[in-house]
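We have chain Y; now place chain C onto it with these hints.
Protein chains: 2
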Amino acid sequence: MAKKAGVGVGTVSRAVNNTGYVALETRKKIERAMKELNYTPNELARNLYHKRTGIVAVLVPTVAHPFFSEFLAGVEAELHERGYKTMICSTNKEKNYEVEYLQMLKRHIVDGVITGVHSLNIQEYQNIDKPIVALDRYLGEKIPVVAVDHQAGGRMAAEELFHSGCRSVIQFSQAKQIEAPAQARHAAFEEYLVKRKVKVYSYELERNRFEIEYYLNICKELVEKYSDVDGIFGTDLPVMTYMKAAMSAGKRIPEDLKVVAYDGTKIIEAVYPSITVVKQPIEKLAKEASRLIVNKIEGKEYINRTVELKTELIKGNSTLS
Amino acid sequence: MAKKAGVGVGTVSRAVNNTGYVALETRKKIERAMKELNYTPNELARNLYHKRTGIVAVLVPTVAHPFFSEFLAGVEAELHERGYKTMICSTNKEKNYEVEYLQMLKRHIVDGVITGVHSLNIQEYQNIDKPIVALDRYLGEKIPVVAVDHQAGGRMAAEELFHSGCRSVIQFSQAKQIEAPAQARHAAFEEYLVKRKVKVYSYELERNRFEIEYYLNICKELVEKYSDVDGIFGTDLPVMTYMKAAMSAGKRIPEDLKVVAYDGTKIIEAVYPSITVVKQPIEKLAKEASRLIVNKIEGKEYINRTVELKTELIKGNSTLS
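Chains as they are written, first to last, in our numbering: chain Y, 295 to 615; chain C, 295 to 615.
Only chain Y is shown next, with the shape it has when bound in the complex (with noise of 0.2 Å):
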């Protein structure tokens, strides 16, 4: 090969395993005596050439969860369609998990990721110069957000509630430490119905807590101890699960009860009473991640900023206006 290629076998062995210096021209020559000779044994001695896996990690709190699944499975389709393939790494809780992921990239296991998690400071990822895209969260000014205008989602949510004539609501919130574009919607919500003499009740869930048992007991209490709610806003597993906390204590939906959820995943499709939701496009937020983080694999041109998307109101049985 290195005969083939003119070159001494250091050079090839410098080239190859990329230890040392080699001229782009002589670098040139041996990869067209390797395709001449067919000689790449395998993918990793090519992706070790060219530096590359060809793998973007997605970063979730769980996949078992139709949000993130969502997400996953629209990120997948697009990054296979631009010759990507998608690993999966949940980080479980784990501060740990979110750290050894991001060494990855340090480690050419992957060439990007995207991460919708939030369990590091913002500071850890100030130290990684490689391609990193955030889903709804805010890592400082080198890494790009896409998330949806989540202030208007929470206003659309809080107008249908009020014209649905609700007079006392819960919202299911996100864990305040964590510094999202999520929490535009907590306080845009709010401030309209308050404004309007609407009592909110705002339920801090705890971070990373996505069991459906935890939902329910959160809901359990809430049903027996605000009997006055007359409407309730949130994600939708906990706001599924609250109507079933409801429905279980005799409660109608939406004559006792007026219901929002935040999201519009297609299982919210197979409930029953249908539900009003404030949908995300998620599919579009994938196709929005997968595109950043390929162009800043391939170090293209792109405007580093929060890819902003809008939500949309989509009536169910669940509110009346």
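For the record, the hints were derived by calculation from the structure and aren't laboratory data.
Be careful, since some hints might not be right.
Note that the list lumps identical chains together, so a pair holds whenever it fits in one copy or between two copies.
To be verified - Mimicking DSS-like on lysine-lysine, the simulated pairs with C-alpha atoms at most 27 Å apart in a straight line are:
1) K560 with K389
2) K514 with K470
3) K560 with K519
4) K400 with K345
5) K581 with K594
6) K604 with K581
7) K609 with K545
8) K436 with K594
9) K573 with K609
10) K470 with K387
11) K323 with K345
12) K609 with K560
13) K590 with K604
14) K560 with K545
Chain C in isolation, oriented as in the chain Y frame:
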């Protein structure tokens, strides 16, 4: 480096690139020298050296589905425990994707494949002499299968509906062209009930269709067409969707309609009224599949057989027995 190892540069190149014979003793020397010199430039080079990537591909029809996303979450957790990473490969109905993903084995992109899809013929798997494990599918002698005892599961469901007083039931069944352990469930269900003079309509779902919209159209039709039906059986999503269609048409559960769902994914816990399920131990299935694939990759002894796990009936308020 060659100097440190006391071997020629060409030998190092052959060893690292795996392009020619290098004696085991010499390989060890080189490995030692690499370690001492902290030579390995990155994971890619190390993987190349060991002919491993540490990645397992998991093939599913779609990630955006409660059963597959829970299975995937379980596989990822177990593989992580064992030092492997998880690549997701959704086939999205495309035969070509399945071929492409299997080729990753030959191209050394992944070390093994866990396949839970049903688009290719068995023959195409026979020609691959690499680590493969199947979820709920027969792929010939060489490939271990992880599945539940579907026959017992189907019978459990039939018993429950019979003892709840059903006289006429619908079961949603998998497309018949799929050769899978799950087919035994449909046969056992039907056999038990027909023997006891219960009418059974088996509705065969199209292969690789998992959209709720698809289910909704079918269910609306079935509810209209078979007004005498007093029992329903199928996997979680079609059953949830049927319940929605039936309740929308004024049917009460369990008074007018008894329901048993198969799989018992977590989402079911958020549904009202609570559904009686035949629960698959999804996490255990995932653990077993992961254990088998790692053993295969690492060349460990294992008995090459179907791993059959048990289902469990968990009563909700959708049956009366």
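Right, here's what the structure says about each hint:
no.: 1; hint: K560 with K389; result: between (30 Å within a copy, 24 Å between copies)
no.: 2; hint: K514 with K470; result: within (23 Å within a copy, 43 Å between copies)
no.: 3; hint: K560 with K519; result: between (31 Å within a copy, 26 Å between copies)
no.: 4; hint: K400 with K345; result: both (11 Å within a copy, 20 Å between copies)
no.: 5; hint: K581 with K594; result: within (17 Å within a copy, 41 Å between copies)
no.: 6; hint: K604 with K581; result: within (14 Å within a copy, 40 Å between copies)
no.: 7; hint: K609 with K545; result: both (20 Å within a copy, 23 Å between copies)
no.: 8; hint: K436 with K594; result: within (15 Å within a copy, 46 Å between copies)
no.: 9; hint: K573 with K609; result: within (10 Å within a copy, 33 Å between copies)
no.: 10; hint: K470 with K387; result: within (16 Å within a copy, 41 Å between copies)
no.: 11; hint: K323 with K345; result: both (17 Å within a copy, 26 Å between copies)
no.: 12; hint: K609 with K560; result: both (15 Å within a copy, 26 Å between copies)
no.: 13; hint: K590 with K604; result: within (24 Å within a copy, 47 Å between copies)
no.: 14; hint: K560 with K545; result: both (25 Å within a copy, 24 Å between copies)
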